[in-house]
Amino acid sequence: MSDAIDTSGAAANGFEPRITAFVCNWCTYTGADLAGTSRLHMASNVRIIRLPCTGRIDPLFIIKAFERGADGVIVSGCHPADCHYTTGNYHARRRFAVFHDIMEFIGVDPRRMTFSWVSASEGAKWRDVVNEAVTNVRALGPFDAYRALAPEDAGVATPAGPAAEVATPAATAKAEAS
Amino acid sequence: MNELRELARTLLTDGTVRVIIGWEAARRGARPVFVTDPADTDKLIFDTRCVHNLVTYLNPRRDNVAELGKIGLVVKGCDAKAVAGLLREAQLTRDDIVLIGVRCGGVLEEAELPEAVALSSENVAPRCYGCDNREPKLVDHLLGEAQPDPPRPIMTIDERVAALDARPLEERWAFWTEQFSKCVRCYACRQVCPLCVCERCVAEKSRPQWIESSAHPRGNMSWNITRALHLAGRCVDCGECERFCPVGIPLSLVNRKLQQIVAERYDYTVSDDPENPAPIGDYRLDDKQEFIK
Amino acid sequence: MSRIGVFVCHCGENIARTVDCAAVAEALKDHPGVAVAEDYKYMCSDPGQALVKKAIEDNNLTGVVIAACSPHMHEKTFRRACDQAGLNKFMCEMANVREHCSWIHEDRGEATDKAIDITRTIVEKVKHNRPLESIHIPVTKRALVIGGGIAGIQAALDIADGGHEVVLIEKEASIGGHMSQLSETFPTLDCSQCILTPRMVEAYQHPNIKLHTWSEVEKVEGYIGNFEVTIRKKARSVDEDLCNGCGDCQAACPAKRIPSEFEAGLGKRTAIYVPFPQAVPNIPVLDRENCTLFKGRRKGLAKDVCGKCKEACLKAAIDFDTEDTFVTEAVGAIVVATGFKLYDIGREQPEGLKGYGEYGYGEVPDVIDGLQFERLASASGPTEGAILRPSDGKEPKTVVFVHCVGSRDPEKGISYCSKICCMYNAKHAMLYKHKVHDGRAIAFYMDIRAAGKGYDEFSRRAIEEDGAEYVRGRVSRIFREGDKVKVWGYDTLSGEQVVIDADMVVLATAMRPQDGIRELAQKLSVSTDEHGFINEAHPKLRPVETNTAGVFVAGACQAPRDIPDAVAMASATGAKVLGLFSADELEREPAVAVVDENTCIGCMRCELVCPYGAIEQREICAVDGHVCGQVAYVNPGVCQGCGTCQAVCLSKSVELQTFTDEQIFSEINALAYWE
Amino acid sequence: MTDVAYYPGCSLHGTSREFDESLRAVAAELGIGLAEIADWSCCGASSGHTTDHLLGVALPARNLALAEAQGFDTVLAPCAACYNRLSAARLAIATEDGLAERIPDVLGRPFANSVEVHNAVELLRDASATIEQKVAVAVAPNPLKGVKLAAYYGCLLVRPFEVCGYDDPEQPTSMDDVIEACGADAVDWDMKVECCGGAFSVSRTASVLRLGRAIIENARSHSAEAIIVACPLCHSNLDLRQKAMARRGEEPLPILFVTEMVGLALGLAPADLGMSRHFVDTAPFMTRLVKQAAERVVAEKLAKEEAAAKAAARAEKQKVSA
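Residue numbers (our numbering), protein chains in the order written: chain A, 4 to 181; chain B, 5 to 297; chain C, 598 to 1272; chain D, 154 to 475.
Hints were generated in silico from the structure; no laboratory data involved.
Hints are supplied without guarantee of correctness; some may be wrong.
As the list claims (entries may be wrong) - Estimated spans, in silico, between C-beta atoms of each pair: (1) C:D838 / D:S474: 39 to 45 Å; (2) D:G167 / C:Q1111: 54 to 60 Å; (3) D:C195 / C:Q946: 38 to 44 Å; (4) B:K292 / D:V292: 55 to 61 Å; (5) D:S267 / B:A170: 25 to 31 Å; (6) C:G897 / D:Q286: 36 to 42 Å; (7) A:A84 / C:D941: 44 to 50 Å; (8) C:D941 / D:T168: 43 to 49 Å; (9) D:Q286 / B:L117: 56 to 62 Å; (10) C:E1213 / B:R66: 57 to 63 Å; (11) C:Q1111 / B:D99: 57 to 63 Å; (12) A:F18 / D:P257: 43 to 49 Å.
Idealized CB from N, CA, C, for every residue including glycine.
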């Protein structure tokens, strides 16, 4: 798929999804670098958070991302047998399998959670994973179902308006103070 | 029953153990009892009202129990699985406890009765149906005569899970958000769980505060998912969390779903064999990964 | 409150073309905790770095965020700059707005917004960065080399010449390995013994090399720079100090019919023996399995039935009651060079392999493998170099050489190419033709793989000058008929079936790793591939390292290797080890996990998932000193920083420095700013 | 194992009735129920699949479909060619794109490709434990005890590997296991899986003679007293053409079906095993075997008595000395 489609899709319905990506440093992050050096254009909806290994990724990250207004998440790392730390991704695979299944049971559309293996040499695959995730989540619409869980006072529920702007720095400041 | 009392008496008198933790009859059904005096062993009972999983008292964090000295514990099959869980996670030393296993034919769902009653498909605890460990193996003594299979409840947990699974995503989401929104974050589910033995629960970690502590739907969702995930491949299906939940969240459905997941993906069923490694923390090169692109 | 400096790089036009860098700086200026935000054309240039340093000093910044290229590109550069400006280098992070933004988007607005997000996310992370110090690990400047073949010898010599002590251990009675069994070596046809023996002696006499033969690795503890290795010295029954290698014991030994391992079963040896005349050390071992005296003892006979060797020994060096002894050696690096064994293709096969019963190996005496032919061709061999077939000692007039027996045959369980067979088959054909001028050498091959200096010329010479007949095709069946060995094959070029009445058949059987390699790998916690070869850390860029820091690999235990390869690898490990020993301390990034002993309950789930065995259980004591619990402990020397332990920790009691929960938490939160 | 669907194929109703008879007799002994597939038809070997691939798949598939419909999960196809065709069809349908969808239309009946196909050797190998027990308790002395037999597999029983797959294609051992289970010695020889000329028996007799001779001579040179086969074609080629193959003065080598051998071991009468139908007369062979067996029994008996006597004598001596 090409980003042309995305923009047209964007035009179709005004909604642009926000997607948080948790990727491992050695394969997918480097693969995304390669996509850059190869100038592979892709949708701009994804924000990458770099981690050493998929083994480091805790389901809580994903839950938190949803809480903070992400419409979808991507989790990506080294292919089996390619893990820089030899077995981190195998353990991650089990953790995510269980998480994926239970979330689906609870009623979260699995298309909001993209899991993939993208190696350092698969810039193009990363492009496709990103575009595909964006198209899927765009089709699903905003994750209001999750945001609706937010307590009235917290500002993050609605696509971050000024409320968020004040709420979150305060929060972070508190975190530091404590 | 006499068998149990006899054994308890000898264990206490010959000093093998300092305390026997079992069940006693009380006005409103059975309740846990700590017997330290051989004379009191006649208090001990075991019948269909003995639903409590006493293994929760073995939690090393409960040092007030530890202070009593070496423990003799009465366990049903499901309880024995919990003991195995604690051994698996180095929370116990086998030699520090004496396990008195009782052959179990299932327990009541509503156990708060003055008298024990026979099990029927109306009153049986659904989780007992199809129990694979009605004669605990991981025990020092096994008491009671062989029991018949528990009756089939009107609707088994698997059927309820299946029914829920059959409904569309939105309805499932609606169902669970409604259930979880009832949660008052009393953490009874955690306190009673024989395997929730952390010194400091992740829910109480404040830097960072992964799980919002106030009882609103978002924090509750996060807490309940996390609780469930932490028990993936560990839950022994003793049903205590659901029984204790003051607002009646059907936690057994989530727990059972997790059991089905690990069974289906890693063909793992929790047993009372501590040598049998838990599925999370283990892996196979050919684990299913159909959900990964 | 943090005082963070944000520096947005234009990277010439690379970023600025699609990202409005000034706008990014502007947007971050008022972000809580940001003290200064600037943009500049080339941040990595000297003036760019100077600008960062100056800002650190002027605003005494507590953290720095460089919004530029990928951290894989310039993180080191800017951390160094910060360090020079007196800011702990781990307080500096990069926001990747080039590879992950400007280069992959066209719309300037979108790209700029995203760049702001990315930068803000990293700013939030840096707020929770902590000043860290690199970890320093002392290095024991001694090396252990496992395996005394050519690779092991070379590695030992290189390290020893570099001025460091080497412990070289060999499981056989003598060093030398397979190379000492070879007759001549390709592509030069120089005598193997003649080039190897000097090296063996050099290794033996080298002041820096401590040799343990008849010994094996029992236990390995510790980590890079600090290994403690327990070595089992198998009972030799001969005192290595007293023995002068006169050989009288061998002469006296009545058990003379034991198949010699060195002669690949074609020759015989005694029960007390030196594997071969040039053995190093020239000290015999007593093979208790086959010794008459020990057989008697095993039967439980009251008095010893033999003892002739002991009587013959004038130095009283022989003692029948010695037992295995253990020595521990402290070393800083380990080189694995355990070499290969040949695929025994008989009917009985180990794990997952199938034999070639249809080739009659082990049943038809005149069907032999490559090593056996080496012994036949060797001047020091059982036939003094005359090519005589095992069954009746006649000179074979037709010899068939079969390539790829086992190799490249997934059906039989081995998919890889053994690399050396094409060459040694050509060599065998030549040696045979040089010795039996009127003989026919026929080789069945799949294709000829002679890549290497002078290799193709060599195999062509076998065909063109020495007249070896090469048939492209496989052999389906080999069996005995009268005093002939029938070979049924297929010539894929002519499409004809080929039936040959041979006098002898030489099978180029596949190279496999030595027995016990998996157990050894486990002791060293290095991984092996599905065939049992040791895995290198990276197939291209780290070919002689393993995934365990401080353990290196050389020669045919990593993959089929010929002598030049093995020696090259060995010298490479030498260089690696000397590099490791060049400093008194190892410096490592502090990206390691740390356990919070207040909340850890020692359930050891982390230990289960740690790929490096870096985690162990420890007792902790209360102030009054009594043990009050078990907790996990992460050995910073071994931890590689994957963080898998943290993800499985139920109570979040382990924290991976440089990727802490708080850092990630704030990154996720920062993204809630999106609009 | 209880009932299996039995697919005799044309040969077992024609040229190789002894294979059919002996199989039924042995199965009965081993408590294996054989239910002949109702309305079975030719599997097409070996002309079907050489003319048209779909035909070559559909013909066997029809019979598998029948077995399925008649409620079986296993089909026994003793004839190596039938076995090979049925198995090949299964594999094709399981692996080739769209074939599984297409076949039911072609057959005009539902087909789930759910039945497994076994040959006689497989069947007997799986039953070898039972065979061993029964042989042990048989009243009549086992005529095969210690007799040297060569297991001959030929081509279609074990190859191609992906089709058959129950044994090593180059060094099969399943039939040898059955031989050992019968108390006989399986000789180690070289022509286990060489071709006997198969269907060219008539069209290219010369080649068949050459190939067959090589096989029989090799078996003989490894001191085999008979060759055991599990394929009608192999049997007829080796049995029917042996007169022509045999070099001057050589005793012809009996060719037995694996089922006949098991029958003999189980103490069944040669006549009930159809052994009278062979071209190489099996009578002399059988009389020799029976004679040997009888002698063996007598010898064993004598040995026992002698031993007993010796023991008694020794006991006496000790009494005296005591």
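- Lying within 36 to 42 Å: is that true of the beta-carbon distance G897 of chain C to Q286 of chain D? holds (38 Å)
- Does the Cβ pair D941 of chain C, T168 of chain D satisfy 43 to 49 Å? holds (44 Å)
- Task: Given the range 25 to 31 Å, decide if the beta-carbon distance of S267 of chain D to A170 of chain B lies inside it.
- Result: At roughly 28 Å between Cβ atoms, A170 of chain B and S267 of chain D fall inside 25 to 31 Å, so the hint holds.
- Is it true that the C-beta distance of A84 of chain A to D941 of chain C lies inside 44 to 50 Å, as the hint says? violated (29 Å)
- Query: Between E1213 of chain C and R66 of chain B, is the Cβ distance one that fits in 57 to 63 Å?
  - Reply: violated (26 Å)
- Message: I want to verify a distance hint. Is the separation of the beta carbons of G167 of chain D and Q1111 of chain C within 54 to 60 Å?
- Response: holds (58 Å)
- Query: Should the hint that Q286 of chain D and L117 of chain B are 56 to 62 Å apart at their CB atoms be regarded as holding?
  - Reply: The hinted range 56 to 62 Å holds for Q286 of chain D and L117 of chain B, with Cβ atoms some 58 Å apart.
- Query: For the pair K292 of chain B and V292 of chain D, does the Cβ-Cβ distance stay inside 55 to 61 Å?
  - Reply: holds (56 Å)
- P257 of chain D and F18 of chain A - C-beta distance against the hinted 43 to 49 Å: holds (47 Å)
- Does the Cβ-Cβ separation between C195 of chain D and Q946 of chain C fall within 38 to 44 Å? Check passed, 40 Å falls within 38 to 44 Å.
- Quick one: are Q1111 of chain C and D99 of chain B within 57 to 63 Å, going by C-beta? Check failed, 42 Å falls outside 57 to 63 Å.
- Item | Assessment of proposed distance window 39 to 45 Å (beta carbons of D838 of chain C, S474 of chain D) | About 58 Å separates the Cβ atoms of D838 of chain C and S474 of chain D, which means 39 to 45 Å is violated.
Hints 1, 7, 10 and 11 from the list above are not met by this structure, while the remaining hints are.
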